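Chemist: Here is how the chains run, residue by residue.
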Amino acid sequence: MLKVIDFSGLISFQDLGRKGFQSFGVPVSGAMDWFAQRVANELVGNSKDATVIEIGLGDITFRAKRDCVLAVTGAGFEVQNYVWTFPLWTSFYVRAGWHVQIKKISGGNWAYLAIAGGFDVPQVLGSSSSYSRAGIGSPIHVGDVLQNGKPNGELTKLAARDFPVQKFIQYSQTPTIDVIAGPQRERFDNTFFENEYTLSKSFDRMGYRLEGKEIESNYKSELISEGMTMGSIQITNQGQPIVMMADSPTTGGYPKIANVIRADLPLLAQCESRTSKIQFREISVNEAQDKYRRMMKT
Amino acid sequence: MFKPLGDSALLIELGNKIDSVINQRVHSLNALLQNTNGILETVPAYCTLLIHYDSLNFSFHQIKTLVEEKMNQLNKMNQETARRHEVKVRYGNASNSDIEIVASSKNISVADVIQIHSEKEYRIYMMGFTPGFPYMGILDERLEMPRLQTPRTLVQAGSVAIAGSQTGIYPLDSPGGWNIIGWTQLKLFDPESETPFLFSPGDVVKFIPEE
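Top to bottom, those sequences are chains A and B.
Just so we're aligned: the first sequence equals residues 1 to 298 in my numbering.
Just so we're aligned: the second sequence equals residues 1 to 211 in my numbering.
It cannot be assumed that every hint is accurate.
Below, simulated EDC-like cross-link-like pairs (lysine to aspartate or glutamate); rule was C-alpha separation at most 20 Å, straight line [claimed, not checked]:
1) Lys-3/B - Glu-42/A
2) Lys-187/B - Glu-86/B
3) Lys-206/B - Glu-119/B
4) Lys-3/B - Glu-287/A
5) Lys-3/B - Asp-189/A
6) Lys-19/A - Glu-41/B
7) Lys-167/A - Asp-59/A
8) Lys-19/A - Asp-190/B
9) Lys-106/B - Glu-86/B
10) Lys-19/A - Glu-86/B
If you are wondering where the hints come from, they were derived from the structure by calculation, not from laboratory data.
Just so you know, these numbers come straight off a predicted model, no measurement behind them.
Construct all of the structure, not just a fragment, from the sequences and the given hints.
Modeler: See below:
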């Protein structure tokens, strides 16, 4: 049980996302960095679909109302109480009454806070994930007391576990992100693959607008709206790429030059605005699926 | 015709225009693919069907083969009867109604706009944009209007609107760039309800003018 003392930035409950309603226009939502979320739950002994708190571009401070075990994963954050700094990608024991702060530093955008037992949040359409644009999900306020379920084991045994994150993923601000050619790839030349891009100031859970060399298309007819996914890279009429992220609309009307592979979505999600330098590389569907399956074997 | 959209989705292109026959094929194929092992969910659109599949256990080619088999059945299949809905509309009675601008730019009266918009049945070609938003067509040519130059930051839930050859209803308060011509009190999306969505893609909608 945690009491929220203060926070800034984008704070929301997320689970594995809202599945089965995309044909009605309901975005999947879920974590921006699925890998960090997955490991956070694993570290505290939760099932994969347990609800975590996503902390984006800001800080959160809370006080434990009871003893509990927590884990924080992600990139670009540090975790402190008065005395200690807890490393990310570990689980740690927190005593009743302790204040803990998750603080934004540089090197990423999103952190995931898991509590042993999972946060107890009502489900809407089969998921606890927040989708604030449509008022779906439970918002978090200062002063809220966040309940959790029953931990899967003794707290002392769930604490002090760590995860060798570098074996699976190297977060970087100069990453090479693998993509698969999109359905409208032939409308564009190789500009997108031969130049570096950075994340613009304009980004949120719905999409990452990129900045870099303009991508021209001599294809005049507009695209009739069609389905898209997290990772779809749309090219606007102004020639700027937008990568659709967790709260992506289910359909879109701009041509898609490529799709970021699932395995590399966490890398892109953690790229910082203006300072990151991102290179995109085309790979095959089979290679992408192999990479994803390897990451799922944690 | 079968294109990967990333490593866990496959896009099927059944045509490249807004057309009722093509869209009917999209929805028939969609119906055939429900509850297929390996397929997680689908997104029917105007002339495409997007298949989200289980990429941990299925390859792109396995899913493609599966879909191809179903497509053979599609050609033999009778078209199922679509669900039909009547929607009562107070034309011109929305906050920010554009109905007079539509009438004057088309050189017809407001009454003509109401009559033309409400006389035919529309198919829900797809749903998207926001939860529960139905993209419907095909709108009579006499009402074709471009989208607003600058989208409104807030369009009231229940607003009935037109753009190009399409008409739609905003299920939630949201931004929007279509021309608003009326308002309905029907609730298209209610996440707390047993049946959260009033419409499904493929359904047919008829507007009834209300005093």
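Chemist: Work down the list of hints and note, for each, if the structure agrees.
Modeler: Hint-by-hint comparison with the structure:
1. Lys-3/B - Glu-42/A: violated, 35 Å
2. Lys-187/B - Glu-86/B: holds, 13 Å
3. Lys-206/B - Glu-119/B: OK: Lys-206/B and Glu-119/B at ~8 Å, within 20 Å.
4. Lys-3/B - Glu-287/A: Roughly 16 Å between the alpha carbons, so the hint for Lys-3/B and Glu-287/A holds.
5. Lys-3/B - Asp-189/A: With a Cα-Cα distance of about 19 Å, the restraint between Lys-3/B and Asp-189/A holds, given a limit of 20 Å.
6. Lys-19/A - Glu-41/B: holds, 8 Å
7. Lys-167/A - Asp-59/A: Violated: Lys-167/A and Asp-59/A sit about 28 Å apart, past 20 Å.
8. Lys-19/A - Asp-190/B: The given pair, whose Cα atoms are some 17 Å apart, holds under the 20 Å limit.
9. Lys-106/B - Glu-86/B: Violated - the C-alpha atoms of Glu-86/B and Lys-106/B are around 26 Å apart, more than 20 Å.
10. Lys-19/A - Glu-86/B: violated, 29 Å
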